[in-house]
Amino acid sequence: MAAKIKHAVITGATGMIGVALANYLLEQGILVTALVRKNSKKIKRLPSHTGLKKVELDLKEFSSKEALLASGLLEQKQDAFFHLGWDGTFGDCRNDMDLQNKNIQYTLDAVRLAGRLGCRVFVGAGSQAEYGRTAKKLSSKTAAFPENGYGIAKLAAGQMSRVLCQSLKIRHEWARILSIFGPFDSDRTMVMSAIRKLSLGETAEFSKAEQLWDYLYVKDAARALYLIAENGTDGAVYPIGSGTMRPLKEYIFAIWDKMDREGQIRLGAVPYAENQVMYLCADLSELTKDTGFVPEYTFEEGIAETLQWYREKDEEV
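Counting in numbering that gives the first Met the number 0, the sequence shown runs from 0 upward without gaps.
Calculated directly from the structure, the hints in this document are not laboratory data. Among the hints, a few may not be true.
What the hints assert, rightly or not - Here are the simulated DSSO-like cross-link-like pairs (lysine-lysine), alpha carbons at most 27 Å apart as the crow flies:
#	residue 1	residue 2
1	K41	K312
2	K43	K312
3	K41	K53
4	K196	K257
5	K41	K136
6	K3	K52
7	K52	K312
8	K76	K168
9	K3	K76
Said to hold, decoys possible - Pairwise CB distance ranges (calculated):
#	residue 1	residue 2	range
10	Q75	T202	48 to 58 Å
11	K40	V162	49 to 59 Å
12	Q27	T297	20 to 30 Å
Heads up, the beta-carbon is just placed ideally off N, CA and C, and yes, glycines get one too.
All chains, full assembly: derive it from the sequences and hints.
Below, the structure written as structure tokens:
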């Protein structure tokens with residue numbers, strides 16, 4: 000049986016999933032080194048905890064000997080490396096091919112850094128975008144036909160980092176993450192844009208919202224990543240979602256109900272995006288078999304916690 004993780008590195012640690020993962024690992028008694036961009040205003044999202052070390056290091060500096068020595072990162076050996084950092088995840092940046100190509104290199108640099116730190120396992124954050132559009136549940140066996148630069152780069156990064164990990168004797172896991180929501184989610188997502196507009200008493204406009212969709216609360220996603228690092232199979236690809244799907248409009252009205260029907264909902268006001276994905280659901284059978292992961296939160300329970308965070312956040316401003 001593999002030794003338990005005692006020290007872990009997280010890149011992209013100030014993102015929604017990174018913050019949740021850092022908190023979860025700390026709860027398990029695991030020491031965490033959070034890599035954050037230099038001068039990041041989001042660093043305040045991370046908790047003040049004796050087991051958490053914050054290191055300012057940009058993605059482009061992972062391969063810089065000088066930057067690594069100056070950061071002090073190499074002074075502590077690590078067990079697990081969670082690579083969540085990525086540039087250009089929204090909007091037109093997804094098809095900025097030069098930027099997405101750099102992300103592939105940053106992922107390979109992250110693997111080499113994991114090797115220098117003595118990590119036994121590398122967990123990379125892939126994406127549903129690697130699959131493109133399909134009408135079947137997503138598994139490791141689902142054919143991948145990405146339709147944008149972001150999805151293409153994620154697919155290439157996963158495959159290349161797997162080969163590099165093999166050469167460095169590091170166990171490799173690739174988590175293809177579906178739609179996650181929770182505290183610190185981007186304002187551009189459906190969930191947070193709905194919460195923001197409805198909280199202001201405005202009308203939240205959507206497409207017909209007929210898509211069959213899979214949403215997972217961020218605390219469940221963090222626990223899934225931890226279980227993958229502890230118990231995952233070397234070389235495996237694990238879709239991360241709830242494993243259940245509902246029409247998107249059901250999620251929208253669930254949010255509205257939790258908000259005591261503040262504001263208004265208007266469906267059909269926005270056209271579907273070009274190449275709109277109409278079916279999204281994770282097949283969790285391999286993930287559950289290998290790691291024991293089963294979601295603990297319902298969508299409604301996750302929304303309740305997200306709303307509490309959102310309201311407390313606004314009170315602090």
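We went through each hint and held it up to the structure:
1. For the hint linking K41 to K312, the alpha-carbon distance of about 14 Å falls within 27 Å, and the restraint holds.
2. Between K43 and K312 the alpha-carbon distance is near 13 Å, which keeps this suggested pair within the 27 Å criterion.
3. Among the hinted pairs, K41 with K53 is consistent with the structure: their alpha-carbon atoms are about 12 Å apart, no more than 27 Å.
4. Restraint check for K196 and K257: the C-alpha separation of about 14 Å stays at or below 27 Å, so the hint holds.
5. A hinted pair counts as satisfied when its Cα atoms are at most 27 Å apart, and K41 with K136 does not qualify at roughly 35 Å.
6. Restraint check: the Cα-Cα separation between K3 and K52 comes to about 20 Å, which is no more than 27 Å; the hinted pair holds.
7. Restraint check: the Cα-Cα separation between K52 and K312 comes to about 24 Å, which is no more than 27 Å; the hinted pair holds.
8. For the hint linking K76 to K168, the alpha-carbon distance of about 16 Å falls within 27 Å, and the restraint holds.
9. With a C-alpha separation of about 14 Å, the suggested pair K3 and K76 falls inside the 27 Å cut-off, and the hint holds.
10. Here the CB-CB span from Q75 to T202 is close to 51 Å, well matched to the stated 48 to 58 Å.
11. Evaluation of the 49 to 59 Å hint for K40 and V162 yields a failure: the beta carbon distance comes to about 36 Å.
12. At roughly 23 Å, the beta-carbon separation of Q27 and T297 lies within the given 20 to 30 Å, and the hint holds.
Checked against the numbered hints given earlier, this structure breaks hints 5 and 11; the rest are met.
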